[in-house]
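Colleague: Dock chain B against the given chain A, drawing on the hints supplied.
There are 2 protein chains.
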Amino acid sequence: MKADSRCLVCTANQALRVLNKYVRSEEEKWIRLQDMMKIISELKWGLKPIEMGEIVYTEIEKIVGKRDIYEKEKKRSNEMALAILEKIKRAIKDSADPLYDAAKLSIAGNLIDLGTPSWDEERVYNKILEILEKPFGINDYETFKEELSNATSVLFIVDNAGEIVFDRFFIEIMKEYNSSVQVFVAAKSKPIINDATVKEAKEIMDGVATVIDSGMTIPGTIVEKSSDAFRKLFFEADIVVSKGQGNFEGLDGEENENLYFLLTVKCAVVADYLRVPEGTMIFMKNIKKR
Amino acid sequence: MKADSRCLVCTANQALRVLNKYVRSEEEKWIRLQDMMKIISELKWGLKPIEMGEIVYTEIEKIVGKRDIYEKEKKRSNEMALAILEKIKRAIKDSADPLYDAAKLSIAGNLIDLGTPSWDEERVYNKILEILEKPFGINDYETFKEELSNATSVLFIVDNAGEIVFDRFFIEIMKEYNSSVQVFVAAKSKPIINDATVKEAKEIMDGVATVIDSGMTIPGTIVEKSSDAFRKLFFEADIVVSKGQGNFEGLDGEENENLYFLLTVKCAVVADYLRVPEGTMIFMKNIKKR
Chain A
1 MKADSRCLVC TANQALRVLN KYVRSEEEKW IRLQDMMKII SELKWGLKPI
51 EMGEIVYTEI EKIVGKRDIY EKEKKRSNEM ALAILEKIKR AIKDSADPLY
101 DAAKLSIAGN LIDLGTPSWD EERVYNKILE ILEKPFGIND YETFKEELSN
151 ATSVLFIVDN AGEIVFDRFF IEIMKEYNSS VQVFVAAKSK PIINDATVKE
201 AKEIMDGVAT VIDSGMTIPG TIVEKSSDAF RKLFFEADIV VSKGQGNFEG
251 LDGEENENLY FLLTVKCAVV ADYLRVPEGT MIFMKNIKKR
Chain B
1 MKADSRCLVC TANQALRVLN KYVRSEEEKW IRLQDMMKII SELKWGLKPI
51 EMGEIVYTEI EKIVGKRDIY EKEKKRSNEM ALAILEKIKR AIKDSADPLY
101 DAAKLSIAGN LIDLGTPSWD EERVYNKILE ILEKPFGIND YETFKEELSN
151 ATSVLFIVDN AGEIVFDRFF IEIMKEYNSS VQVFVAAKSK PIINDATVKE
201 AKEIMDGVAT VIDSGMTIPG TIVEKSSDAF RKLFFEADIV VSKGQGNFEG
251 LDGEENENLY FLLTVKCAVV ADYLRVPEGT MIFMKNIKKR
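So the protein sequences, as listed, match chains A and B. Letter 271 of the first sequence, counting from 1, is numbered 271 in the numbering used here, and no numbers are missing. Letter 269 of the second sequence, counting from 1, is numbered 269 in the numbering used here, and no numbers are missing.
Honestly, the hints are just simulated from the structure, not real lab data. Keep in mind that a hint or two might mislead.
Because identical chains cannot be distinguished in the list, a pair is counted as satisfied if it fits within a single copy or across any two copies.
Taking lysine-lysine and the DSBU-like style, the derived pairs with C-alpha atoms no more than 35 Å apart in a straight line are [said to hold, decoys possible]:
no.	residue 1	residue 2
1	Lys29	Lys285
2	Lys145	Lys190
3	Lys266	Lys44
4	Lys29	Lys266
5	Lys48	Lys266
6	Lys127	Lys266
Next comes chain A alone, as it looks inside the complex (with noise of 0.2 Å):
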């Protein structure tokens, strides 16, 4: 998908929420922020949001060095959301199907900011349960149980801290309806806002996948930038699993039939793309065998 021109806008402000945290001065973070909005006012048309993430992340890299931005937030984050599996799980092991339950909890993970200061656990808790009882606004969850009973490898594609925990535990009831599938979780190289690094991933999935490099630095997945080891499990994989808004602008127009989205949709122009409201939860197939 094209990036539009509320991007613009919306760019300029994830560079300023960055810019919040590390700038003190009003005068120099107005200077700053000013930079960055020449740099977004350059940016040829065409692009995927994704792609303006990637050149204007890398510019705030200069400007507040090369630091793990979010740590803090990402690790309160993991923690939430491990509290929070505690109290849930027995429910989704003991409910009807737990592998739409586990799918739906690591997309419901998706939409809320973990790492919101001001949400304390009680209303994430509370804000989990409402999500939970909504419906995918696009549904190919029944081809997905299908063919993961035939899978033998699945990639996963993780996105934030916090929700990994979900993906986690999402995993393991895949694992426990196949059990002859083996799991591979592709994750940022490097620190990049409060996505999940592969450092940190290899700690939530040690004994359930075999944590990869996704290569990837940005916000997001694009093949063409991705490493060897990914490029390779992308295509071969039985199925592949993308989390999360970033990834799906990377990898959306790829030609992969194993390749399912499973994301909350978090702005109003990936709404306006996939023609549901924004907020919606969507597990859906690529490319859809016709």
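Modeller: Same frame as chain A, but now just chain B:
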């Protein structure tokens, strides 16, 4: 008050809203917005938000032409406000303090964008009833009431279409409270966003106030750039009422003891400046006599 970096993104967003109305091609919109962002990226630190608006709206006019961009919305707003006023005016006139309730209605009209296409009259009416229950966040009404009882002249600086209908009602009640007061209404020279123009103000204020041209063509009022007639009244009137955030942004800081700011706080920047939450209704004397 000085703009901060949030105003850079907000100004870009305002530009996009106008472009959305007048530019059809997505690619052209992208390029035009980038032109605006380039201009925004060169605005100097220390400007008032309203001065940023002046520069950007002047540039946008070069693209979309000198037309009355919000003509339809303004007409619809006025009609809706008239219908709502008919329903509500009896209760206000019969209340314990009609002047207070009429002021509240005038400020409430500033909160809701009466021109929002998806809002029907019923919804706006209910919203107004809800708002009328809320207290002012800053409340110098009693001082105003006392000063009004001794005043012979009031300059009332109007803001948007729609709410101007409630302003007229407020002025009527002011004149019932003090029948010897003469009221002058200052409105914009020509169309800018949904601000009421001199032409529109003359229609609405017929029979209750003398309308003057403020000389302003930006969505707010700056004394140095205003007309001679405005400046004279601004410094000589016994009371000056400034409606809305745009006028507040421009007139805040003026040495004028007779000035009252009546507004609903519509953004985080002004909310931080006044130390109140967004959405707060303000009835504030500019400089309190100590």
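Colleague: Give a verdict on every hint.
Modeller: Evaluation of the provided hints:
Only between protomers do lysine 29 and lysine 285 lie at most 35 Å apart by alpha-carbon distance; the minimum there is 32 Å, versus 42 Å within a single protomer. For the identical chains of this complex, lysine 145 and lysine 190 are intra-copy neighbours only, at 32 Å inside a copy versus 63 Å across copies, given an alpha-carbon limit of 35 Å. In the homo-oligomer, the alpha carbons of lysine 266 and lysine 44 lie at most 35 Å apart both inside one protomer (23 Å) and across protomers (33 Å), since each shortest distance falls under that limit. Taking the closest pair of Cα atoms, lysine 29 and lysine 266 come within 35 Å of each other both inside a single copy (26 Å) and across two copies (22 Å).
Taking the shortest Cα distances, lysine 48 and lysine 266 sit within 35 Å of each other both inside one copy (16 Å) and across copies (32 Å). Within a single copy, lysine 127 and lysine 266 get their C-alpha atoms as close as 16 Å, and across copies as close as 27 Å, so both meet the 35 Å cut-off.
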